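2 protein chains.
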Amino acid sequence: MVVNRDAPRRSMAGRALALLGVFDTAHPRLKLTELARRADLPLATVHRLAGELVSWGALERDADGYFSIGLRLWEAATLAPVAGRLREIALPFMQDLYETTRENIHLAVHDGFDALYVEKLSGHRSVPVISRIGARLPMHATGVGKALLARADPEFVRRYLARPLPRVTRYTITERARLARELRATAERGYALTNEEMTLGSCSVAVAIPADGYEPAGALGIVVHSVRTDLHRLVPDLRAAAEGIARRLEAAHRAVHVT
Amino acid sequence: MVVNRDAPRRSMAGRALALLGVFDTAHPRLKLTELARRADLPLATVHRLAGELVSWGALERDADGYFSIGLRLWEAATLAPVAGRLREIALPFMQDLYETTRENIHLAVHDGFDALYVEKLSGHRSVPVISRIGARLPMHATGVGKALLARADPEFVRRYLARPLPRVTRYTITERARLARELRATAERGYALTNEEMTLGSCSVAVAIPADGYEPAGALGIVVHSVRTDLHRLVPDLRAAAEGIARRLEAAHRAVHVT
Chain A
2 MVVNRDAPRR
12 SMAGRALALL
22 GVFDTAHPRL
32 KLTELARRAD
42 LPLATVHRLA
52 GELVSWGALE
62 RDADGYFSIG
72 LRLWEAATLA
82 PVAGRLREIA
92 LPFMQDLYET
102 TRENIHLAVH
112 DGFDALYVEK
122 LSGHRSVPVI
132 SRIGARLPMH
142 ATGVGKALLA
152 RADPEFVRRY
162 LARPLPRVTR
172 YTITERARLA
182 RELRATAERG
192 YALTNEEMTL
202 GSCSVAVAIP
212 ADGYEPAGAL
222 GIVVHSVRTD
232 LHRLVPDLRA
242 AAEGIARRLE
252 AAHRAVHVT
Chain B
2 MVVNRDAPRR
12 SMAGRALALL
22 GVFDTAHPRL
32 KLTELARRAD
42 LPLATVHRLA
52 GELVSWGALE
62 RDADGYFSIG
72 LRLWEAATLA
82 PVAGRLREIA
92 LPFMQDLYET
102 TRENIHLAVH
112 DGFDALYVEK
122 LSGHRSVPVI
132 SRIGARLPMH
142 ATGVGKALLA
152 RADPEFVRRY
162 LARPLPRVTR
172 YTITERARLA
182 RELRATAERG
192 YALTNEEMTL
202 GSCSVAVAIP
212 ADGYEPAGAL
222 GIVVHSVRTD
232 LHRLVPDLRA
242 AAEGIARRLE
252 AAHRAVHVT
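Chains A and B are the protein sequences, given in the same order.
If you count by the numbering used here, then the first sequence holds residues 2 to 260, one letter each, in order.
If you count by the numbering used here, then the second sequence holds residues 2 to 260, one letter each, in order.
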């Protein structure tokens, strides 16, 4: 781990946030010493701050002495626009898609250079996928990510392509020129396709949710077993759902900005 | 608003948390002055803290100058045990229930004296309900709440009954003795029923998720139009789902505590 030389200059609020930021999917539970090491803060500071965070409910401490994100922080986070407005509006449309397909239905936004998964519906018969709510996956390897990239600001796409494109499977598109062509094709046909680019054995179809402004609010995708070759058949329903979500988002936006 | 006389003694981390705590369902977006008033902190302090919170991603500021909960805080919160483990395990079972009913499917835990809604599935044809993810509703007026109360520690129930029982509709059980009888009946038959006790026009059936320990991990409920009189018919599926969730939770618990 890289030592953060700015640590001593961090404010107390900044240190408290740093403690919240050290949890990740691989480390949802941490001991006090691991908190201190990962946040690069003295143990005594972490001890005091963790106590404050626990008493507010930003962290919780289980019977084994492990800390995890607390219920009150989770509750506050349900008020984030992405979780509240976007997810709440999208969910019934996602349910309709789930009912007709019984497959994984994804809702993602882009944050930085990642596709950030905001909602995922899946049943017992859906193909296993690595996405989870709150997960970040590379945009160029996922259906929702390619749908978002294909509609993104050209300057953003230029910066995306200028970075290394990590290979996730042997089918991930990692050549810059090929990805640029793929994004143009995606924009032209109006939906993105992936074929084992993120997970071997699964493929996906996704569309951007049309937004008022230039960038899409998010993207909606369906992930299925790659042996199924009827992805195109799913496009009309997917598109209707994305348009339905866009209409409701626009109505909600107007309601907020008028009142 | 009650003036908080402890405010000047709050630490900087405590003040930062106070800013996160002032958002609620009715106020998911707040101006800087509202943040200051609701957190009972000086404007200059709030200005500086809000800047720190925005730069970390705990808050975000929109084009109109309103603050809301930020994407990075939402992302960290997806790692809370209630959102990660419980929701992730329960979701496919909830989907099965949704598929067979097309109604609102709820997953709730109890926190303090409230039923806290962790997940909700609903489609376009489900009866409109006031629950949302992150919402708190009174335990005695909801199916999931009564299912949780019926299995709760007797001392907890005693304290619950000692408090005033708010009336939500004219059918809410607000008499202490009647609620105690209702909870005994719920425990005996193994599932909770409500009939327009939370929302006129809707009724619900719910079961507690059996847990290792004494208290249930959560409760699973279905909310339907009250004109339907076939709630009992839903019980076997509901119970099978709750037992399936309990088995997976136990397996996940063992996996975490062995490794």
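Warning: the hint list may mix true and false statements.
[Claimed, not checked] From the structure, some residues in chain B lie toward chain A, with a derived Cβ separation under 7 Å: (1) L18; (2) G52; (3) S69; (4) A77; (5) G85; (6) F157; (7) L166; (8) E183.
Since the hints were made in silico from the structure, they are not lab data.
Given the structure is predicted, the values throughout are model-derived calculations rather than measurements.
C-beta: ideal position from N, C-alpha, C; glycine also.
To see whether the hints hold, each was checked on the structure:
1. L18: Since the shortest Cβ distance to chain A is 5 Å, the answer is holds.
2. G52: violated, 10 Å
3. S69: This interface hint holds because 5 Å falls under the 7 Å limit.
4. A77: holds, 5 Å
5. G85: holds, 6 Å
6. F157: violated, 17 Å
7. L166: violated, 23 Å
8. E183: Because about 27 Å separates E183/B from the closest Cβ in chain A, which is outside the 7 Å limit, the hint is violated.
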